[in-house]
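*Asks:* Each chain, written out:
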Amino acid sequence: ELKVEQNPLFLSMQEGKNYTIYCNYSTTSDRLYWYRQDPGKSLESLFVLLSNGAVKQEGRLMASLDTKARLSTLHITAAVHDLSATYFCAVVGGGSQGNLIFGKGTKLSVKP
Amino acid sequence: DVKVTQSSRYLVKRTGEKVFLECVQDMDHENMFWYRQDPGLGLRLIYFSYDVKMKEKGDIPEGYSVSREKKERFSLILESASTNQTSMYLCASLTGGTKGGYTFGSGTRLTVV
Chain A
8 ELKVEQNPLF
18 LSMQEGKNYT
28 IYCNYSTTSD
38 RLYWYRQDPG
48 KSLESLFVLL
58 SNGAVKQEGR
68 LMASLDTKAR
78 LSTLHITAAV
88 HDLSATYFCA
98 VVGGGSQGNL
108 IFGKGTKLSV
118 KP
Chain B
77 DVKVTQSSRY
87 LVKRTGEKVF
97 LECVQDMDHE
107 NMFWYRQDPG
117 LGLRLIYFSY
127 DVKMKEKGDI
137 PEGYSVSREK
147 KERFSLILES
157 ASTNQTSMYL
167 CASLTGGTKG
177 GYTFGSGTRL
187 TVV
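Same order as they appear, the protein sequences are chains A and B. Those letters in the first sequence? Residues 8 to 119, by the numbering used here. Those letters in the second sequence? Residues 77 to 189, by the numbering used here.
Any given hint might turn out to be false.
[To be verified] Computed footprint of chain B on chain A; a stretch qualifies when at least three of its residues, placed anywhere within it, have a C-beta under 8 Å from a C-beta of chain B:
1) 49 to 63
2) 109 to 115
[To be verified] Here are the simulated DSBU-like pairs of lysine-lysine, each with C-alpha atoms no more than 35 Å apart in a straight line:
3) B:K79 / B:K129
4) B:K129 / A:K75
5) A:K24 / A:K63
6) A:K10 / A:K114
7) A:K48 / B:K133
8) A:K10 / B:K133
[To be verified] Residues from chain A that keep clear of chain B, each with C-beta distances beyond 12 Å, as calculated:
9) Q13
10) L16
11) G23
12) K24
13) T35
14) R38
15) Q44
16) R67
17) L68
18) D89
19) A97
20) V99
For the record, the hints were derived by calculation from the structure and aren't laboratory data. Glycine residues also receive a C-beta, built at the ideal position from the N, C-alpha and C atoms.
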């Protein structure tokens, strides 16, 4: 059974600081997704990582994938309050229908 | 851009009622999904459908059923609503191409009283 674990689950950080969120998954997968969710809202796609060594960046967020270690990271650079949200990673589960298995999410709070 | 529309943002229903949650996507996608989201439990897959009239159970199908009569519409049905089905329900459609992954609807927050 595929399991996806994120850590930390809660993260409080000050503006201007850097931090990394980790996403481990238990079986091989060649595709990993990162989503953002604002309070009371739905999930918004951030990144899709398609191969080992893939790196994607948008603004202060950078995601990477190491398929051999079954690890993805989401790095936050010089955090700002607008990045406060819950971040989910997800991996394609078994079967051909593309169902995603999600981590439990990391709730990020950026304080001034 | 793909659009996934859930018909209600907030619903309040009574215990024992039959509840229909509707989801429509506008990009002719085959695969659609229903999740529920609860604090501390993350997103859990209820049902998914990979074609019209085709459905498969996810991880927590008990107490739910689904209907996919047309490709664009995937409905989640709570046969007899119970208080433990109070939750946020998220519909998603599978997006292909280089982006891949899901496009989510805006969610329905259901409260069963």
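*Asks:* Now look at each hint and say whether the structure bears it out.
*Replies:* Here is how each hint holds up against the structure:
1. 49 to 63: Contact hint for the region 49 to 63 of chain A vs chain B: holds, 6 residues under 8 Å.
2. 109 to 115: That given contact holds, which follows from 4 residues of the region 109 to 115 of chain A lying within Cβ reach (below 8 Å) of chain B.
3. B:K79 / B:K129: 21 Å, holds
4. B:K129 / A:K75: The hint is violated at about 38 Å.
5. A:K24 / A:K63: Roughly 20 Å separates the two Cα atoms, so the pair holds.
6. A:K10 / A:K114: 19 Å, holds
7. A:K48 / B:K133: 25 Å, holds
8. A:K10 / B:K133: Given that 35 Å is the threshold and the Cα spacing comes to 18 Å, the pair holds.
9. Q13: 9 Å, violated
10. L16: 9 Å, violated
11. G23: Nearest chain B Cβ is 29 Å from A:G23, so the label holds.
12. K24: 26 Å, holds
13. T35: 17 Å, holds
14. R38: Given that some Cβ of chain B is not farther than 12 Å from that of A:R38, nearest at about 7 Å, it is violated.
15. Q44: 9 Å, violated
16. R67: The assertion about A:R67 holds, with a minimum of 21 Å to chain B.
17. L68: Consistent with the label, A:L68 stays out of reach of chain B, its closest Cβ about 16 Å off (over 12 Å).
18. D89: 20 Å, holds
19. A97: A:A97 not clear of chain B: closest Cβ-Cβ about 7 Å, inside 12 Å.
20. V99: Given a closest Cβ separation of 9 Å, the condition is violated.
Against the hints set out earlier in the document, violations occur for numbers 4, 9, 10, 14, 15, 19, 20.
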